[in-house]
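Chemist: For reference, the chains in residue letters:
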Amino acid sequence: MIELKNVRWAYQEGDTAVIDGLDLRIRRGETVVVCGPSGSGKSSALRLMNGLIPHFHDGKLEGEVRVAGEPITDLAQVGRVTGTVLQHPRRQFFTDTIDTELAFALENFGTPPERIRERVREVVAEFRLGELDGRLRELSGGQQQRVACAAAVTHGPPTLLLDEPTSNLSPQGIADLTAVLRHLRERGTTLVIAEHRLHYLRELADRIVVMQDGRVAKEWSRDEFPRLTEEMMREEGLRSLDAPKRIHVAPASGHGPSVQPAKTRPEDTESTGEAGGATAVAPAAGREAAGGGVVLRGIRCAFRGRPVLDITEAHLPAGVITAVTGPNGAGKTTLARVLAGLQRHSGEVLLDGRTMSRSRRQRETAIVMQDVQRQLFTDSVTAELRLGAVPEQAGHAATVLADLDLDRFDERHPLSLSGGQQQRLVVATARLSGRRVVIFDEPSSGVDRRHLQSMTRTMRDVAEGGAVVLLISHDADLLALAADRELRLRPIR
Amino acid sequence: MTVEVTDHRIDLRMSPRDLINIGVFGALYIVTVGLFNLLEFISPVMTLVTSGLSIVAAGVPFMLFLTRVRHAGMVTVLAVIVTGFMLLIGSPPVTLLVGVLGALIAEALLYMGRYRSRQLSVLAYAAFSTWFVGLFLPMFYARDEFLSSPYMAEMDPDYVEKLDSLLSPGVLIAFDLSTVVFGLIGGVLGLRLLDKHFRKAGLV
Amino acid sequence: MSGTSPQLDTTALGVTVPGPPEGAVSRRTLDPRTAVAILLAASITIMAPGGLLFVPAALVAGMLLAIAERAWRRVLALPLAAATAAAVAYLLPLAAPWPVLGIVGVMGGFSLRLVAVAGIAAHLIETMPPTRFTAALRSMRVPHAFTVSGSVLLRFVPTILAEARAVRDAMRLRGLGGWLDMLRHPVRSIEYFTVPLIASSLRSAEDLSASALLRGLGSQPHPTSMHPPRFGPADVVAVIVVAALVTATLLWEAGR
Numbered sequence: 012m013i014e015l016k017n018v019r020w021a022y023q024e025g026d027t028a029v030i031d032g033l034d035l036r037i038r039r040g041e042t043v044v045v046c047g048p049s050g051s052g053k054s055s056a057l058r059l060m061n062g063l064i065p066h067f068h069d070g071k072l073e074g075e076v077r078v079a080g081e082p083i084t085d086l087a088q089v090g091r092v093t094g095t096v097l098q099h100p101r102r103q104f105f106t107d108t109i110d111t112e113l114a115f116a117l118e119n120f121g122t123p124p125e126r127i128r129e130r131v132r133e134v135v136a137e138f139r140l141g142e143l144d145g146r147l148r149e150l151s152g153g154q155q156q157r158v159a160c161a162a163a164v165t166h167g168p169p170t171l172l173l174d175e176p177t178s179n180l181s182p183q184g185i186a187d188l189t190a191v192l193r194h195l196r197e198r199g200t201t202l203v204i205a206e207h208r209l210h211y212l213r214e215l216a217d218r219i220v221v222m223q224d225g226r227v228a229k230e231w232s233r234d235e236f237p238r239l240t241e242e243m244m245r246e247e248g249l250r251s252l253d254a255p256k257r258i259h260v261a262p263a264s265g266h267g268p269s270v271q272p273a274k275t276r277p278e279d280t281e282s283t284g285e286a287g288g289a290t291a292v293a294p295a296a297g298r299e300a301a302g303g304g305v306v307l308r309g310i311r312c313a314f315r316g317r318p319v320l321d322i323t324e325a326h327l328p329a330g331v332i333t334a335v336t337g338p339n340g341a342g343k344t345t346l347a348r349v350l351a352g353l354q355r356h357s358g359e360v361l362l363d364g365r366t367m368s369r370s371r372r373q374r375e376t377a378i379v380m381q382d383v384q385r386q387l388f389t390d391s392v393t394a395e396l397r398l399g400a401v402p403e404q405a406g407h408a409a410t411v412l413a414d415l416d417l418d419r420f421d422e423r424h425p426l427s428l429s430g431g432q433q434q435r436l437v438v439a440t441a442r443l444s445g446r447r448v449v450i451f452d453e454p455s456s457g458v459d460r461r462h463l464q465s466m467t468r469t470m471r472d473v474a475e476g477g478a479v480v481l482l483i484s485h486d487a488d489l490l491a492l493a494a495d496r497e498l499r500l501r502p503i504r
Numbered sequence: 009m010t011v012e013v014t015d016h017r018i019d020l021r022m023s024p025r026d027l028i029n030i031g032v033f034g035a036l037y038i039v040t041v042g043l044f045n046l047l048e049f050i051s052p053v054m055t056l057v058t059s060g061l062s063i064v065a066a067g068v069p070f071m072l073f074l075t076r077v078r079h080a081g082m083v084t085v086l087a088v089i090v091t092g093f094m095l096l097i098g099s100p101p102v103t104l105l106v107g108v109l110g111a112l113i114a115e116a117l118l119y120m121g122r123y124r125s126r127q128l129s130v131l132a133y134a135a136f137s138t139w140f141v142g143l144f145l146p147m148f149y150a151r152d153e154f155l156s157s158p159y160m161a162e163m164d165p166d167y168v169e170k171l172d173s174l175l176s177p178g179v180l181i182a183f184d185l186s187t188v189v190f191g192l193i194g195g196v197l198g199l200r201l202l203d204k205h206f207r208k209a210g211l212v
Numbered sequence: 050m051s052g053t054s055p056q057l058d059t060t061a062l063g064v065t066v067p068g069p070p071e072g073a074v075s076r077r078t079l080d081p082r083t084a085v086a087i088l089l090a091a092s093i094t095i096m097a098p099g100g101l102l103f104v105p106a107a108l109v110a111g112m113l114l115a116i117a118e119r120a121w122r123r124v125l126a127l128p129l130a131a132a133t134a135a136a137v138a139y140l141l142p143l144a145a146p147w148p149v150l151g152i153v154g155v156m157g158g159f160s161l162r163l164v165a166v167a168g169i170a171a172h173l174i175e176t177m178p179p180t181r182f183t184a185a186l187r188s189m190r191v192p193h194a195f196t197v198s199g200s201v202l203l204r205f206v207p208t209i210l211a212e213a214r215a216v217r218d219a220m221r222l223r224g225l226g227g228w229l230d231m232l233r234h235p236v237r238s239i240e241y242f243t244v245p246l247i248a249s250s251l252r253s254a255e256d257l258s259a260s261a262l263l264r265g266l267g268s269q270p271h272p273t274s275m276h277p278p279r280f281g282p283a284d285v286v287a288v289i290v291v292a293a294l295v296t297a298t299l300l301w302e303a304g305r
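Chains as they are written, first to last, in my numbering: chain A, 12 to 504; chain B, 9 to 212; chain C, 50 to 305.
Each statement offered as a hint is correct.
Derived DEER-like restraints, expressed as beta-carbon distance ranges:
{"no.": "1", "chain 1": "A", "residue 1": "Gly406", "chain 2": "C", "residue 2": "Val149", "range": "50 to 56 Å"}
{"no.": "2", "chain 1": "B", "residue 1": "Ser186", "chain 2": "A", "residue 2": "Gly309", "range": "48 to 54 Å"}
{"no.": "3", "chain 1": "C", "residue 1": "Phe280", "chain 2": "A", "residue 2": "Gly316", "range": "32 to 38 Å"}
Keep in mind that the hints were calculated from the coordinates and are not lab data.
These figures come from a predicted structure and were not determined experimentally.
We treat Cβ as the ideally placed atom computed from N, Cα and C, and that holds for glycine.
Only chain A is shown next, with the shape it has when bound in the complex (with noise of 0.2 Å):
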């Protein structure tokens, strides 16, 4: 189906070869999980498989690559002979009703209207996809994922690329994701599979791919997955093989229609203690009381006369890691926004007993936004910590990038720097202008093992320095390892 041999690519703007001596062959009607930690090359190959390597990225290639037998010349020939799906749901779709989502591919390669109403009915029926209403963009991302799923076979090709197919969604999600990945295998579906989470390719998976600097490391096939430890996965630097256990997390105190109350969650029944989970600290009860933090008092919020976020009371202490969870629309980010000052709203929010104004949340206050390219102004790392530091702390600024790793690029445009090292870099500009509120906003997205634990110690570092933190995620691994309270958001209805 897809072949590989001897593959070397880099892209223009970098100097070394991110692909090197690729060698994959993919027979037809298999499932391939192509995984590696975050820079090993294995969005890259899913991009040699569906052309975007090197019809859309610019670099240079080497080797041969062909797909369906053939080598590939266009985008819109290799279209046809592949589906694909990416990381962001709503960034692919191109329209925002589901129907004219899956009719796009066919009506761009001219199928009579007719044909394309039949072929649209057929699949709305096969992925159930019915029983959605709404817009594209206000369904949750799992309903998303599986509507970009369908859109990229509507059109009938044997094989679907999925490049971390499940970066932005929860347990709930996934699940959802799953059920349709093992409904397209067993209806034949070539699948390729570029992830970090493994837990739930483990059933569907005929063959697991690592690679490292470039190439396929190591290959293990469906009977040698039963035999692969813990270990095995770390040493690879890849996610756990295991679901994440639901650890408990106590709850943080709150309570109004926007609050899910902590007795009515099923997890509470199953889970006891800390399970296996060492990294999750427990809160130390003696600092919060002493530290204070942020208190919310008749918090509402509306768009439009529809009320999003009712909190009649919450109290987020200092020093710990308050995670807020919930499903689209429970209003997390609205509830961010509030905390910032930067939301409109009704009650009162105190930090250390004090009212604070919206104003004067916003100067006390940062947010690590999901797309951190948002908030980076300057054209190097040392600009971007002088922009609106305290004076008093801009000492300090060596120190602070040392701390996040950050020492060696002190001249670079922030731009140019990884997605985790942007992040850090927003961290460092918090903690250098003596921000009492630092919240993330999913900053676990497309994000390895390794990754996953230097972000949590970030997040842990500003807790211990006395901030009030914040973490709005969806990610269960994220969670288990960070989240000392959960304040579970629910929709008001």
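Fit chains B and C to the known structure of chain A by using the hints.
Modeler: Only chains B and C this time, still in chain A's reference frame:
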């Protein structure tokens, strides 16, 4: 000989990727222009200032766009979809004409510079920016009607005369020139930020 | 959150599901071609010299479209905005006869024309999903270069607006956001705003472009549409109403 000819031929074929790029930058351009124009709400008297500011600001995405243009036609397509969008949200249709005219001049300038010249690319942006004139053209021919309207007949003739001179063709020409000047500033700023940020960050 | 069934068993294959997926477009909405034609007719006549004459007709058309779409707020807002603009244009000079304010008066007159056109444009924007609009352009044989790039533009404007909002949030948190700053250091503010906006937008555009190219966008000179636009009864009604409004305007002008 043939090599010479192919070298100088104007290639109008655009790949799907070029077209998508044009759409993306068209959206960036429109949002930049639109958001800086929002400042207008502070005071309507600011209209001219804010359109100047938005021309300058939109120079940044435009100059980045030019780094991805390697052949003729792309700037014209950009002008058509940008002014076409403006038409859809209620701008005067003459904007489309002015926009295409400006874009053709910009194309000629770029072609003269073989799509590489920095100076000519700044001029090209200034030419492209003249479509703003189209937005306000009707305001100037609205003036005649306004001044000759029955309401004005009741006003002091001295007042009408003063108003007439304030809205004379001279002012119109000055406004046209101001878009070119703002375009030049925007082009220079765009180039500067291109070097300072996007080139350094590897986005060019 | 609707409780979704993660179990997607193969029995779903071949099972007929009730109804087409939000298929044929409602008969009440105009064909995009009709809507665009009305908009262009209004904006060409009104923005031309002497176009003030057609403002009342366009306002009525705009209000009728708003009623058809049940946008009650717009039904009220449209005449209100027009009245305000007219007042600025005609009453302000009477109340305060200073030439400088006269300019404001002229702008008011211009705004009146803008409001009249905007009423119709608002209907087009509210009722026309980009995909339908693009399909209409294709059926009007607009060259492929414009439909492909135009559809990407329409798709991407909302995304960039969301990015812009996020960048603005980030600026406010870093103390870079104020309006005053913007006026005092315009060039620096432009830099702080456009650089992150462009960087993050291009990143998100990358996924969209890749996915669209792989799904054949722009690969065929003659793409098809799932629901090719068709003229319906609503279009006939609209054309009759517009013709009546134009006739009424011309008769009124002739009778003066």
